[in-house]
Each structure stands twice: as structure tokens, then as C-alpha cells.
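Residue numbers (this note's numbering), protein chains in the order written: chain A, 4 to 334; chain B, 4 to 334; chain C, -9 to 493; chain D, 10 to 331.
Check before you lean on any hint, since a few could be wrong.
[Unchecked claim] Computed Cβ-Cβ distance ranges for the label pairs, DEER-style: (1) B:137 - A:32: 23 to 31 Å; (2) D:74 - A:260: 22 to 30 Å; (3) D:47 - A:29: 18 to 26 Å.
Everything labelled a hint here was simulated from the structure, so no lab data went into it.
Small disclaimer: the values here were computed from a predicted structure and weren't measured.
Where is the CB? At the ideal position from N, CA and C, for every residue including glycine.
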Amino acid sequence: MTLRDHAIRYGFIVLLFGLVAYFAIAADGFVSPQSAVFIFQSVAITGVLALGVTATLVVGGFDLSIGSVATSAMMAAAYVMVVLEQNALVAVVACLLIGAIVGLINGWLIVYMRVPDLLATLGMMFLLVGLQRIPTEGRSIATGMTMPDGSVANGKFSDAFLALGRHRFDFFIPNLIPVSVVVLLVLAVLIWFFLEYTRFGRMMYAVGSNERAAELAGAPVKAYKIWAYVISGVFASIGGILLAARLGRGDIASGNNLLLDAVAAALIGYAVLGAAKPNAFGTAVGALFVGILLQGLTMMNAPYYTQDFVKGVVLVVALVFTFALSGRGRR
Amino acid sequence: MTLRDHAIRYGFIVLLFGLVAYFAIAADGFVSPQSAVFIFQSVAITGVLALGVTATLVVGGFDLSIGSVATSAMMAAAYVMVVLEQNALVAVVACLLIGAIVGLINGWLIVYMRVPDLLATLGMMFLLVGLQRIPTEGRSIATGMTMPDGSVANGKFSDAFLALGRHRFDFFIPNLIPVSVVVLLVLAVLIWFFLEYTRFGRMMYAVGSNERAAELAGAPVKAYKIWAYVISGVFASIGGILLAARLGRGDIASGNNLLLDAVAAALIGYAVLGAAKPNAFGTAVGALFVGILLQGLTMMNAPYYTQDFVKGVVLVVALVFTFALSGRGRR
Amino acid sequence: MVGNAVFRAEGLRKSFGQNEVLGGVSLELHAGEVTVLMGANGAGKSTLVKIISGVYERGDGTMGLAGHAFAPNTPAEAIRAGVVTVHQNINDGVVADLDVATNLTLDRLSGSGAPFLFNPARVRREAKAVADRMGLAIDLKARISDLSLADRQMVAIARALAHQPKVLILDEPTSSLSSAEADRLFALIDRLREQGVAILYISHRMSDIRRLADRIVSMRDGIISGVFDKKPLDYEGAVNAMLGRKIQLDQIVVRDSAKIVLKIDGLRIAQGARPISLTLGDGEVVAITGLVGVGKTALAETLFGVRKPLSGTMVLNGKPYAPESAGEAIAAGVFLVAKDRGENGIVAGFNIQENISLPFHKRMSRFAVLRRRLERITARRQIEELGIVCRSEKDEMSALSGGNQQKVMVARWMAQNAGLFILDEPFQGVDISARRDIAAKLRASANGRATLLFVTELDEALETADRILVMSEQTIVGEHRNADVDLDRLLAEVAGGPLHSAA
Amino acid sequence: ADKPAPFDKPGVKIALVRYLSTGDFFQAYLSGVEAQAKALGVDLRVLDSRQDAALQSDMVDQAIALGVQGIIIQHGLTESMKDAAQRAVDAGIKVVAFDVNVENPKIPQIEQSDRDLARLALEQAVKDNGESWKAGYVYVAGIAPLDRRNETWVDVKKKYAGISEVAMFGTLDNPIANSVANQARSVLSAHPDIKVMFAPYDEFAKGVKIAVDEAGLNKGIKIYSADISTSDIAAMREPDSAWAATAATNPAVVGQVSVRALAQLLAGEDPGHNVVVPPTLITQKDLIDKDIKNMEDLSAKLPQFAHADVAMPAWMPNPNAK
Ligand SMILES: Nc1ncnc2c1ncn2[C@@H]1O[C@H](COP(=O)(O)OP(=O)(O)OP(=O)(O)O)[C@@H](O)[C@H]1O
Ligand SMILES: Nc1ncnc2c1ncn2[C@@H]1O[C@H](COP(=O)(O)OP(=O)(O)OP(=O)(O)O)[C@@H](O)[C@H]1O
Ligand SMILES: [Mg+2]
Ligand SMILES: [Mg+2]
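One chain only, chain A, in its complex shape:
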């Protein structure tokens, strides 16, 4: 490998470590187990969404509906527990079902109805943003809320459900690692293994690169594509569950930035290890990268708008570095 190859492969990782080193020196309290956990926790929900959208990127698609799936799942969880007064299990199952169904519908629209992916999932996004607010007429869902018909909803978030957002596992230090971080790590490993080391994952890459060739080689291309959207939907709904568990209510104003942040993480993933294609490991690193950046800037008292600015600049610079050097796409 030449120097350039090394730069492409490890440039991003070096940048990441450089960032950590810089913040470690410049920002008090940046280096500590708690701070590390905090970074993971701050990106857990977007990270889970980003991993899901990676699956659709792999088959050459895109899913703009993930943010709204997550918020719909959050509202559904709250509705099931607070209004319908059901337990945590029912709430979780309801959320996962929503994710799977939305994914199926997205996949069906794209595969069988041949609606372009951006379009189908954009429509789905608008639809869900509206739909999730209809049962409560736009109100947030919390114990004791007044329903549109004037009755009062008396159910509450079950403790088991809230534990998903609040329980912390001991890990050397007591009460260190929150459930959401464990969920993120497990899902990241799962989807990474699935995409890289199972034949289904490989086939999904084949579908994404050349659908027709994959089909002629005997792959059930349609099924693969639909599966990708189902994965994306289910992951988004898991993100929604975590969100609901952390908030303890169905809040209509939360989750606005999930889509863009998740997409950013997945796209940054292209640059990791010079992959230049969607990949789960990259996505996870991408999410982490954004988390570290924002945490470091916060600790340095940078105002919110400079955080956006720096995020944009670093993203652009990192990617120019990777793509310009790698020369993918040039012949």
C-alpha cells in the first residue's frame, strides 16, 4: 500500500483520534468513562436509525421516513401505555410492528409500484408526521392528559419501559452503561455481521450495485429490497422506543433532527476506512464522530450555531479528503 492508500484508509480514523486528543487537551472533563458513555448515549438513537438507513443505502435505495417512523413509534408507545393502559411489552411490540409495517409499505411501493425511493419515503414521511398526531389531535401524550373527547388518560409509562431509557448497567464503575448504548452496540454488531458475513448481506450489496445482474444470477431481488426497508423501519422504531423511554412521554416536538443526523452519520460512514460505500462499521463510527464533535464543542462552550457550522466544515473536509484521494469513480 502506498502512502496515499494509507491516507485514504486511515485518514478518517486519524482525524477522529486527532479530534479526541484535541478535546482532551482543550476541554476540561472530556476524558473520563462517564464522558465516553455520555457520547455514546447522545448518539444512541440517531445511531440506531443510521444503521437502519444503511441497509437501504446498501441495496441502492434511501429512506427519508426513518425520522417520522421513530417519532410515530414514540407516540404509539405513549398511546399504548397512557391511553390504552397496556404494559411495556405491548408497547414495544406495537412499535416494532409499526416499523415493520411501514418498512413493508415502503418496500412495496418501491419494488412493486416502482415509485422512486426518495419519493415513496418522502410521501411516507409526510403521511406519518400527520398520522401520529391525529389520535390526540396534536397533543403530546403524558399521564393525566385530556383527550380530544374530554376524558382524562390515566395510564402511565410502565417502569419496565422507562428502564429501557434509564437503567444503567454496571461496568467496572457501577451504573455506568445505559441500556440505549447497549442496544446501539448490539444492533451495530448485528447489522455489521449481517451485511459483511452472511450471504444475505453480500447479496444485498450485489442488489445495490447491479440489480439486474443479481436477478439474473437467481437472487430474489424484490424480496431483498423489501427486507432492506423493513430493517430500516424496524431499526427506526427501535430508535423511537428508546426515545419514548428516555422522555417518558409522547412529545410531538421531539425527534425533528433525527432524520438529518442519521443520514449524516450513514453518509460519513462512506469515508471510514476508505470504503466509499455504505457500511455498518462506518455508520457507527460516523455517528460517534458527530457525537464526539458536538460533545467537545459543548464542553468548550461553543454556541449552538457554531456547532452546526463546525459539523458542516468537518464533514466536508473529511469527505473531500477521502473521496478526492481515493479516486473512486475516476477512470
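Position chains B, C and D with the ligands against the provided structure of chain A, taking the given hints into account.
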């Protein structure tokens, strides 16, 4: 042409007229010249943005930065007039320059640095959202505002500039047609003519369909792609000018909703006249369609979330109709 | 022979819209036999193949495999039933973003019996076995997108042959292979034939057909127009049946040229290659032949300005010529029909007319506004001129047969007069009569320009050119006037280079 | 020098943990916090969760880890902040909360009383227009301060049978004023008989005003709202402006009060459980008569707006004192 062909070609237009007919009956005051003009006015800004993004779609790209370019232009216009106390012309020129420069940078990143389009423009979006807030440290810009250094900005929006948002031309009825509608119509006709009838437009479609073939046919492919992003940036900045003129201040906003609505309009355009590809006429109709839908629903007192829902449902249904019937991609 | 038909089709029909492409085709394939399917461009061969392999739905008719009804709904079903196909379009056969090993085992990844886990080491092992059978020497870790067309073709073929198919269908498998690679393929086909596989082989190359055919089926306009299975096979009869007329074999009259159009001096196109010097004359048709990968495309692209020479000068019509881009080359009157039409030529979103006018927008517009009437007239003229089979100039390119798509590419560049006309593998997938037609057109219109042809098939050079140059190791190693050619010397020059350079 | 411990020595660290930050209100609030912190000589850290409620509760833990002595929680959700606030209290940190009820007796609640804001604006509307009119109402459910302002609107409608709400609309699509203007235009063409627009959030009011101007109805309609900013003042002062009155607290003052309440806690004093910053009614007439052009003028000419004598013990430095 078979019945099916007709359905594909005119289905969307029929849907549009059906919608108009329905609202004409169901909503008081929907049918009037003023109401028609108003619908145009309400979609003027997103429409202009959508026309710009259509240019990038034609060359096979995408521009996620348009929303933030528009709000940056709005902030810049306000800054130039209120803080720097310049006149309307300077403000307009500054905005157009910003649009052109952002477009150039986007194009350069995508063409020469080979950063994937979604990624480059997403980074640019974050960057601009932050950047536009730095000069005023996150404050909106209005006459009399206190600057970060404690001084008071005493410039004001010039009347000429405000006229861009407020002046109305006579058209049969006095004071009927606002400047923004004229701008929308002129730009729509311009870009439509450019894409459909000039050799540059035709070559842009060729670049979008097979870049290599276009290159071997002698086209300066890189220049075409960069131009597309410049068009998109400049159109977005025109949208920002109209926005500033309408609001009369520089408002802190991310422009995310502008982005989504513009993209929706451009994508709906695929379905118009069965084009199944980006096209300026379709984009304009798509923007109008969303405007009519929202105007009608608001007049019928539908809350905002049902509007999102209906927008999503209609979008999905219309597109399923077009794409499923057209059989593109099936053999 | 009727008794042991492994595959049988009865009355197959297929229409695209109003256009009936197959009008009741009946076909039998026998175990241990190579059936060659011949037919002019657009006769419906590929369509038939796609029905058999489950890509298209059939309009009417029945099929049977080994005595059972056979009606695959998807390619996967056909493969599972034992009908394996290599399709005409090479890029439909390989996945460009994946490596060679994965491509060689792609079908196993989606098979039902395949292990759940993807073990790169095992996949590479399996891929090596597949490659070895075929005698394929490609780096298994290379990405397909870094391979030449020929190597991609070989990967797709190797994968298909690795199955133990009952029926193997090869749709123009040699269209971008060199003769050495083709020979390897033929040896394998022989082996499969011995193992009792029924093979359907489609080609426009008579040399392939002579080498392989046990039986020839001719097709014309969507129906079977002749079946030839009596030894010795009646090749001429088969060709006549497919064309519906006799083909005339005019011997070409070699011309010499007095006026120099292009003069190349000391041009080096690759590191370590010897410089190239040559001249091309007005009215002359020159063919450059050589093995795959010897630098023919590189030279063509250098002349056309999309690739920079390492050194050397060119003079075009007395003026120094050093194009920086294709645009400059075109402006100077140098046109190139690039090879691999799917990747380098066809704009899929455009119809025939728009594809033809593509390089000449500037000349076909007034104040930047395209003159559509002129476009249409030009397209109609070219369709007429080259005998492109289509409904109208508004047809989508995807609705044309492969050979007709190729003709559109040639028609595009013949729409205007060139000073130097370069054609890189222009006969790829073009049927025998169309090939003669195109060659004749090229020769007939040759005055006023220099014509330079890059072909791997020696026959094509012999049929078309006044002069034949041989290329090896990125340089010109021999020159022959196309009258009483010393074939032995020529072949020796062709083989002079390495037998097969990587990629 | 005569400040009580711990403010007699430099080095007191406090944190502001924010939920919302984008917009003039929040920027002005922050500047108030900063000004008061500076006057007190304390070290302020700003943790900004950018409307991510989960992140905000983590940020409280982060502030604890940073070793601050006091925390101001600015906005957020009760459900996500309650536990976090309790953890801070358990860690011996003094906490005050602004505009989010953390349901904790140890934590003073700073409020700008949304109900009072709405009440002041609506009382003015009744005074100007009588007890019987058709109203358009701008509201988006699910946003806590708007929900509280809505309660007052519901009460007022009950109290005055003559007030009828013919249209309710609203959206938070940004730029909000632009989107609301589009909706308001539609509403005005469907209900040309509307006399009063109640838009209890200045972005809403701004949008309604644009629509009213565009429809040329500015002489027949009056807009009542809540909140104020420099550009709102300009909009209200325009000739024939439909924007009649707004009720507002000065966000900078609220920010100052938040810090002062926290400082009192740290000094061992009790600011009381509910620290309410009283709103001020600002009418178009006031602005024109007193020639008020921006927020500075407003502070100068309406002293109750410039400074609230809330949480103001004698030792407390006044950041407004020049
Ligand atoms: N998707 C399609 N839609 C419409 N017409 C089609 C389509 N595919 C093929 N055709 C038409 O069917 C006819 C037969 O095409 P086919 O590809 O089977 O020819 P072929 O015999 O394989 O020719 P070649 O030797 O050039 O490959 C052609 O006239 C072509 O125009
Ligand atoms: N994408 C590529 N990456 C690396 N090497 C390449 C690539 N394309 C071509 N080459 C190398 O460049 C040399 C010239 O290739 P070129 O395609 O010009 O050969 P050719 O003689 O034109 O072959 P053909 O007969 O297929 O047209 C070959 O040695 C080949 O290995
Ligand atoms: Mg064919
Ligand atoms: Mg080659």
C-alpha cells in the same frame, strides 16, 4: 394511445382538477382570482427552490443545501440592509452571489473532489445553517436590533426591496399579481425552456442519464454538472430574497421545511404528464398541487397535522398511480 | 433424434405492445448437442432466450424440461430447474462493485442450500475452483469495475459453466472475447457437451458456428425459418434461411491513398511501450487488429482526446493536432464510435433520434435552441441508411435489439462528415449481413476522410480494410496491404505479444 | 466585597442546561443569564441540547460531573427532567428551573406566567373590540407554553359567549412566520368576517400580520399576541398596522432573574418556590406615543419591562445599572 397511456399522461392533471373542483364546492371563497393568485403566492418561494433543485436532478445529482441557501440569503439581505445600511440592489446582488458561490462550491466538491452529491450538499447544509447565525450570534435581524458588540443597527429594509415581497401588478383587477408570483412564473418558463428546448438543457439530461456517453459525445460534463449546482444555488438565493422581502426581517430558521416542500414538488413533477423524470413543467405543477391542497384544507379548517397526512397520502397515491401504470422498468 | 429432447418449446409468442416479436417459435434442444441459433439483428433471439430463462413472461406457448412442464416465473426458478443462461448484455452478468470471487459465486449466495454465513476464505476457494475450470487467470480480489469487458464476460461465463446445468444458453458469449479466450470457451463447451448438457449457442460469428455447431436453427422475424441437422451442416443454407435471401460476397477492391490526413509521429500511449508512427490517407480504410488488451482502445481514445499520450505528435490535415477533450476532437472533425455501447454510447433516457443527434447539438441548433425537425430528418435518414429495425425514430433504445443498438451508435457518428473516423469494435453484436452493410457503407463514404477501425476479429479486418495494422504491447508491430495478405506472418505478429495481459 | 459566601470569592461555577436555543427569545434569555452571571462574577457553562430532551437530561449529569455548584434548567419536558433534576439535588447542587415544571419542592420555578400573558392580551382585545366578535386563533398543540396560553383562551371563550372562534390554524414549519402567513391567507379568504386574530406567540402574529397586509384587510382586523422583539416593535408601529397589542416579559430579565434566584439559593437564602416575572402589556399606542423603536427604548420607557424587582436582595448586583 391506449386508455392506460392516457391515464399515465393525464392522470395527475385530472387529479389536480378534481381537487380544485372538490374545494370549489366544499370551501367557501376558494374560487376567485384572489384565491388563485394567493395559491401561486404561497408556493412561490418553494416553487423557485424546486425549479432549482430540478436542474440538479436532471444531471443525476441532488441538492440538500437549498433550504439553508435560501435562509442564508435571507439573513444576508437583512444584514446588508440593516447592519451595513446598503441599498436594495446591493442586497440582491449579495444574495445572488451567495447562491452562486455555494453552488460553485457544491459543484466543485461533487465534480472535482468526487464527494457523493447527497453528502456534499448535506455538509454544506449544516455549514450554512451555522454560518448564517454567526454574524449576529443567533439573533434575528431587524431594524433597531442590538448587535453582539452592543451597538444598535439602524439601517432598514429599503422600500424597493420590500416591494419585491409586497408590490402587486395590475392584471384585469388592480393590484392583483404580486412580484413573487411573477418571479416564479418567469423562472419556471425560463428553466422549462432552457431544459426542454436548448442544447444545453438537452445535454444536461444526457449527462444525467449516461455521463460517459455525454463526455464521449464531446460535452464538458464537469462544467454541466457544476452549472446545475450553480443554477440550484442561485434559484435558492432568489427564494431567499423573496422570503426576506415578504418577512421584512432576517429570521432565524433552518429552512428544512423549505427543502422538504421543494423536494416534494420536484419529485411530484416526475408524475406529471407521465414524464417519469425530472422536468420543469412537472415541478411547477407539483408546487401548485401542494399549494392547492394546503389552501383548500386550511380553508376547510383542517388542522396542520391532517394537512401533512393528506399531503403524504395524496403524494403516495398519485405516484403509485403514475409509476405503477407506466410500467417503467418492468418487462 | 426427437425422442431425447431435453428441452422443448412449442408455439412461443411474445409481443411488446403492438409489436409481435416472437410469432410462434418451436424449439428442441438435445442432450449432448450444441444447437446454434442464427438470426439477423432483431430476429428475436435474445427475446426467446429471456423467455426460456424466466426473465420475460411469455405471451403464449408451452415449454417442457426433461419431460415435465417448465414455466419459470423468475430467473431463480429457471436456474433451480437447471436452465442456466449467459445473457447478451455483459453488464447484466456481473456486479461491478463486488470483487471477482463474489461474482464467480454470486448464484450460490442466493441458492437455497447455501450456508447462511459468508466466509470470504471459502468463497475465494470456491471461486478459485470455478476459475480454474475455465482456465481463468484473474486476480480474485480485483473489483469487476477495474476489469476489461473481456474479463467481465469471462467471469459471467465461468459462473454459468460452474453449474451442472441440464440446459446451457449462451447469447453471443464471444462478442468481446479474443480468439485465445474463445478457444478456451470452446474447449469447455466441448467438455460439457460430452457430459450430456444441452447447449443453445447464439452467435453472429461464422468461425464460432463452424467450430461448435451440431445443429443449426435459423430464425427470421420471430419465426423459425430453417433447421439444419444433416451432416455436413449446410452453413450457407442456414445463413440464407436467416436472411431470407442470398448474401453476396463482393471481394473488396483495395485502394491506396495519395493525400495524407493524419500523421502520427512517435506517439507513446503507455509506460515502457515503443512509440507508434503511422499515417492515414484520404479515402482509406485502415484496420488495426490485435489481441484484447494490447492497447487498441487506448490508442483510439488518445486520438480522440480523452486520453493523453506520454509523448509524440499528431498532425491532422497539415495542422498540429493535440486534442484536450472529446469536444475538441469532434470540433476538429475526429469522430469515435466507442466500444461497449452500453457504457460509452447509449443514453438510456433518450430515444433513437436524441441519441443520434447527441454529439452535434451545436450544429443542429439555432441560438442554442435545438432544431427538432432537423434532428428528426437526420434520424430518419440514418435509420434508413443503416437499416435499423425499429418502429420509429421515437423508439426508446431499450426497445431495440442489441445489434440495432450498435447500428444506432454507428449511425450517430455517420450523421455528419468526419475528417478522421475512428470505430472501436463497431461490429460488436452485429449480424453478418448488417456487418457487410456497414462495411460497405464505410467504404462507399470513405472519400474525404480517413477511416480507422479497431477490431479484434481478423475476419472483420479482412472484410473491410484497405490496410491492416497489427498491434501488440501498446504499439504497432506490423502492416499489411489487404491484398494477398501473408496470413502466417500476420498471425505471428498478432501472437507476438503476451498471450493474455491482465485486465 | 459585601456579597455573601460563596460569592465573596471568585470561582463559583454554574451551568445553564438548555432545551431550546434557536430564536430571539432564547438568545435574549441567554444574554440576560450571561449579564447577571458576569455581574455576580460567576463562571457560566452553557450546555445546549438543541431540542433533544433525552440529551438535555444527560447534560444535567454532565454538569454534575463538571463539578458546578448550581444549575439552571431552561425549558424541557417534565418527564425527562424530573429525575435528572432530582439527581442534581441529591448531589448537593442547587437547581432552579425556568419554564419547565420539574415537580420538586427543593427547586424554585422561574415562570413568565403564560396564563397572565394570554390574559393581558385578551383583556385588551375585549377592551378594544367589545365582548362579541369572530376570532381566528393560531395554536399548535403539544408545545407547553402554548398549551398554557390556550387554557386562558378557552376560559375567555367560556366567559364571553359573544366571542366565537371561526378558525383555528397554526404550524411550526420554518420559517414559521412564512408558513403561518400562508395559512392565515387561506383562513382570511374563507372567513372574511374575522375581526380579531389571537396569535399568542410573536412568530405566529408576524405571519398573521403579513397575511392581513397581503389581503389588504389591515384596517378591519386586530391582532393580539404574546412576546416581543425589536422586529415585532417595528411591525406594530407600521402605519395602519393590524397588530394592536402584545403581552410580554423581557426574556433578558427572565434570564437575570433565573441567575439571581439560583444565587440566592447558593447564598442560603430562599427566593420562594414560584418566582414569577410579571408580564407587561404593550400596545401599539404606547409604542407610537412614547416613540419606542426597539427593545432598548422599550426598557428605557417602560421601566417595569426593563427590570423586575424579583429575587433582588440588597447585595445582588444589578446588571442593568450603568
Ligand atoms: N423491451 C422491449 N420493448 C419493445 N421491443 C423490444 C424490447 N426488447 C426487444 N424488442 C424488440 O424485439 C425484437 C427482437 O429483439 P431481440 O433482442 O430478441 O433480437 P436479437 O435477435 O437478439 O437481435 P441481436 O442479434 O441484435 O441481439 C427487436 O425488434 C426489438 O426491437
Ligand atoms: N480500468 C483499467 N484499469 C487498469 N488498467 C486498464 C484499465 N483499462 C485498461 N487497462 C490496461 O490498459 C491497457 C490497454 O487497454 P485497452 O483497453 O486499450 O486494450 P485494447 O487492446 O483496446 O483491448 P480491447 O481489445 O479489449 O479493445 C491494457 O494493458 C489494460 O490492462
Ligand atoms: Mg440479442
Ligand atoms: Mg480495452
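Status of each hint after checking the structure:
1. Our hint of 23 to 31 Å for residue 137 of chain B and residue 32 of chain A holds, since their Cβ atoms are close to 26 Å apart.
2. Our hint of 22 to 30 Å for residue 74 of chain D and residue 260 of chain A holds, since their Cβ atoms are close to 25 Å apart.
3. For residue 47 of chain D and residue 29 of chain A, the hinted distance range of 18 to 26 Å is satisfied, since their beta carbons lie about 23 Å from each other.
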